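Modelling step: build the complete structure from the supplied sequences, incorporating the hints.
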Amino acid sequence: MSEELTNSRLGAMAYDPAPESAAIARLKPAYGLFINGQFSDPSSHENFETLNPANEEPLASVAQASVADVDRAVYAARRAYDTIWSKTTGAERSKYLFRVARLIQERARELAVVETLDNGKPIRESRDVDVPLAAAHFFYYAGWADKLDHAGFGPDPKPLGVAGQIIPWNFPLLMAAWKLAPALAAGNTCVLKPAETTPLSALLLAEILQQAELPDGVVNIITGDGAAGAALVDHPGVDKIAFTGSTEVGRLIQQRVASSHKHLTLELGGKGANIVFEDAPIDEMIEGIIDGIFFNQGHVCCAGSRLLVQESVADDVLRRLIRRVDQLRVGDPLDKNTDVGAINSAAQLARIKELTAYGEEEGATRYTSSCPLPDKGYWFAPTVFADVSQSHRIAREEIFGPVLSVLTFRTPEEAVAKANNTNYGLACGVWSEKGSRTLWVAERLRAGVVWANTYNRFDPASPFGGVRESGFGREGGRHGLEAYLNV
Amino acid sequence: MPVIESEVQLRALLAGLSGVDAVGAEARAAKLATRSLKKSTKLAALDLAIAMVDLTTLEGADTPGRVTSLCAKAMRPYPSDPSVPSVAAVCVYPDLVGHARHVLGSSSVKVASVATSFPSGRASLNVKLLDVREAVSAGADEIDMVIDRGAFLSGRLGHVFDEVVAVKEACGSAHLKVILETGELVTYDNVRRASWIAMLGGADFIKTSTGKVGVNATLPAALVMLEAVRDFAEVAGAVIGVKVAGGIRSSKDALRYLVLINETTGSAWLSPERFRFGASSLLNDLLMQRLKQRRGSYVRADEFSGD
Chain A
960 MSEELTNSRL
970 GAMAYDPAPE
980 SAAIARLKPA
990 YGLFINGQFS
1000 DPSSHENFET
1010 LNPANEEPLA
1020 SVAQASVADV
1030 DRAVYAARRA
1040 YDTIWSKTTG
1050 AERSKYLFRV
1060 ARLIQERARE
1070 LAVVETLDNG
1080 KPIRESRDVD
1090 VPLAAAHFFY
1100 YAGWADKLDH
1110 AGFGPDPKPL
1120 GVAGQIIPWN
1130 FPLLMAAWKL
1140 APALAAGNTC
1150 VLKPAETTPL
1160 SALLLAEILQ
1170 QAELPDGVVN
1180 IITGDGAAGA
1190 ALVDHPGVDK
1200 IAFTGSTEVG
1210 RLIQQRVASS
1220 HKHLTLELGG
1230 KGANIVFEDA
1240 PIDEMIEGII
1250 DGIFFNQGHV
1260 CCAGSRLLVQ
1270 ESVADDVLRR
1280 LIRRVDQLRV
1290 GDPLDKNTDV
1300 GAINSAAQLA
1310 RIKELTAYGE
1320 EEGATRYTSS
1330 CPLPDKGYWF
1340 APTVFADVSQ
1350 SHRIAREEIF
1360 GPVLSVLTFR
1370 TPEEAVAKAN
1380 NTNYGLACGV
1390 WSEKGSRTLW
1400 VAERLRAGVV
1410 WANTYNRFDP
1420 ASPFGGVRES
1430 GFGREGGRHG
1440 LEAYLNV
Chain B
5 MPVIESEVQL
15 RALLAGLSGV
25 DAVGAEARAA
35 KLATRSLKKS
45 TKLAALDLAI
55 AMVDLTTLEG
65 ADTPGRVTSL
75 CAKAMRPYPS
85 DPSVPSVAAV
95 CVYPDLVGHA
105 RHVLGSSSVK
115 VASVATSFPS
125 GRASLNVKLL
135 DVREAVSAGA
145 DEIDMVIDRG
155 AFLSGRLGHV
165 FDEVVAVKEA
175 CGSAHLKVIL
185 ETGELVTYDN
195 VRRASWIAML
205 GGADFIKTST
215 GKVGVNATLP
225 AALVMLEAVR
235 DFAEVAGAVI
245 GVKVAGGIRS
255 SKDALRYLVL
265 INETTGSAWL
275 SPERFRFGAS
285 SLLNDLLMQR
295 LKQRRGSYVR
305 ADEFSGD
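For the record, the sequence lines run as chains A and B.
Heads up: the first sequence begins at 960 in the working numbering, then just goes up one per residue.
Heads up: the second sequence begins at 5 in the working numbering, then just goes up one per residue.
Keep in mind that the hints were calculated from the coordinates and are not lab data.
Computed from a prediction, not measured in an experiment: that's the story for all the values here.
Be careful, since some hints might not be right.
As the list claims (entries may be wrong) - List time: in silico SDA-like cross-link candidates among lysine to any residue, alpha-carbon distance up to 25 Å:
| # | chain 1 | residue 1 | chain 2 | residue 2 |
| --- | --- | --- | --- | --- |
| 1 | B | 46 | B | 242 |
| 2 | B | 43 | A | 1008 |
| 3 | A | 1295 | B | 296 |
Claimed, not checked - Heads up, incomplete: computed chain A residues facing chain B, CB under 10 Å, no partners named:
| # | residue |
| --- | --- |
| 4 | 974 |
| 5 | 975 |
| 6 | 976 |
| 7 | 1086 |
| 8 | 1250 |
| 9 | 1390 |
| 10 | 1418 |
| 11 | 1422 |
Where a beta carbon is used, it is the ideal one built from N, C-alpha and C, also for glycine.
Shown next as structure tokens:
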């Protein structure tokens, strides 16, 4: 090969910083609890700081909800349900949801910056994925609110009542939209608890709900730690618990909800397999693998964290993959050219480091991106483990970070067996130009979602959810209504 | 370099190429189009884009006078600022090559000529070769040929390949750019196969379009072609250039192509030797944005000559 070629350096044209302005966020120094349409101080007068994970600097002070505050929020939701929302027509509910959707679009830039500051995800993703999808979710369920008779659950399906909703830190605004939009469309009132490390976009959403003049108490947003979440789960006035988060916590919630009248849906962890056949469209497949595991720093429950590649093309795929991983731009999440942002918290960073250390110990071959990392903040360079075996911890446990485990297979049967050899069952990807094989594999995969020649694609019209230890219940689509209807 | 000795061998090689997933390719191009070039990156990129322009006039109404002013513009795009680079080449019809050669003299600006019965390519091989030879003997440094899309679409891939080989031979020392006319090939799979046929046949450049059909250069088509030259370089050890042509009018568009190169093939292609823009009105917008970057404000369009 000529010298010119071997010297052809990807990314040789370095991009000058192109940061979005943090001032667009217009953050307040402190936020209270959003109960009964108003922000109020917590009864305990306790607060905690939420940090920017990219530089460890505090962004704002947020209220810590006590058991009494949770009670207040549930009471407000109950009263709003009994006196207003259960008497509001579907067409009227739909009007509010459309308003919220439009206000999210109007304030999209502000929401994107807040999300990026609080979560650490690249502004490109919050701007192009999180915020537009959140708006799309409200638009979609706004359309259902007056058509519940035709949703396939019989005539006049009834709401459940008060929904307690606990959401994770990986897609704070989007998960709030996934929870609130179908619940409100179906006629429930809500108490939403955002994650401890990422409360800000939900609080901005509370302002939007005020702006939309949603009746007081229909949505209540309480911030706090796991104790606040536990109080919500245990509250006898709640009719439904919807939780998205770790399998570990999901298991605890299911135990606590058992023997109560509460309905439950859980969207938990995953260890998604991205299955690559030798006839896959190679360039798009490489991008799909990259999106599958490095999108949102790998903080994605349905991440394609296991790459199953056919042995006949494994070397070529790995070579191209590593070339591409090396090109990822890691750094300031507010920079419009950043591909991979900051790890959300010190605790998560420690967890990723712990599991990747096992990977090396267990004999996998580690490739780490050569990208420079900032000095301050929580950072982890994109990492690929080759020569991974099924028995390795990095092939079994959810890492929830930018770490990919590469395994190989020889036949479609073996690919399916390996993909299914996990306690989880949230999502898988199949890459092949042969439709019949894709369908053969897809119908044998035990996963709630199977993507063909793409990965991490979301649409409000498409149901999402898991099987086995990835949880139960569906969000999105007509199916998503079922979780909030008494059917 | 793989030597193609039969159509069977050519077909086997093309069949071995990976398919292109259209949705994925378009998504990748769209994602790269969101890159934001600022400050010194933008200034350097604008200058590079200027140096990559094949300043083109391909009209029935072209005259020696028109070509004279185009050549003047090509050598000194913005006389008020001598730091503005010359463009890479002027691109004209074969009958005006001699005139362009005369006007450009010993300047660094190359003379490129479309040939082979451009733009349709509907002529016998002998006519096409004569077209090429006349342009070369009149002083063309670069020949932009068109492939026989009819032959390609009817599956006569060997015919397409043989024509490229024959034209390459007729070019002698002139560089050969092979126009795929991606808008007529329609699918990205076809773009990838046609790219390989052209490269195997001896192309120095592969070029998207004539600029004379409905769909000209697009980012995804250029992405597929860049992937082809990157992969070909690994297999054959030869660095083939890429030219995008038709419909590229704004600096923003041009910079998006540079980002595509930067993140697909890398530095070896970030040079007029390996990448060109076939365009005319693009040049003035590049000059406008260049001046805006330096001054901080826009100037009137009439600040730049209309050629």
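Item to check | Restraint satisfaction for residue 976/A [CB to CB of chain B, less than 10 Å] | outcome: 7 Å, holds
Item to check | Hint check, residue 1086/A versus chain B [nearest Cβ-Cβ separation less than 10 Å] | outcome: 9 Å, holds
Checklist entry - Any CB of chain B closer than 10 Å to the CB of residue 974/A? => result With Cβ-Cβ at 5 Å, under 10 Å, it holds.
Next on the checklist: Checking hints one by one. Is residue 975/A an interface residue toward chain B, by the C-beta closer than 10 Å rule?
Outcome noted: Hint on residue 975/A: holds, closest Cβ of chain B at ~4 Å, below 10 Å.
Checklist entry - Can the hint on residue 1390/A be confirmed by a CB-to-CB distance to chain B that is less than 10 Å? => result Because about 9 Å separates residue 1390/A from the closest Cβ in chain B, which is inside the 10 Å limit, the hint holds.
Next on the checklist: Take the shortest C-beta to C-beta distance between residue 1422/A and chain B; is it under 10 Å?
Outcome noted: Violated. Min distance 21 Å.
Item to check | chain B contact restraint for residue 1250/A - C-beta distance below 10 Å | outcome: 9 Å, holds
Item to check | Pair hint residue 1295/A and residue 296/B, alpha-carbon separation not exceeding 25 Å | outcome: Holds - the C-alpha atoms of residue 296/B and residue 1295/A are around 22 Å apart, at most 25 Å.
Checklist entry - Is residue 46/B within 25 Å of residue 242/B, Cα to Cα? => result 30 Å, violated
Item to check | Pair hint residue 43/B and residue 1008/A, alpha-carbon separation not exceeding 25 Å | outcome: Violated: residue 43/B and residue 1008/A sit about 36 Å apart, past 25 Å.
Checklist entry - If you take the shortest Cβ to Cβ gap from residue 1418/A to chain B, is it below 10 Å? => result Because about 13 Å separates residue 1418/A from the closest Cβ in chain B, which is outside the 10 Å limit, the hint is violated.
This entry does not satisfy hints 1, 2, 10, 11, going by the numbered hints stated previously.
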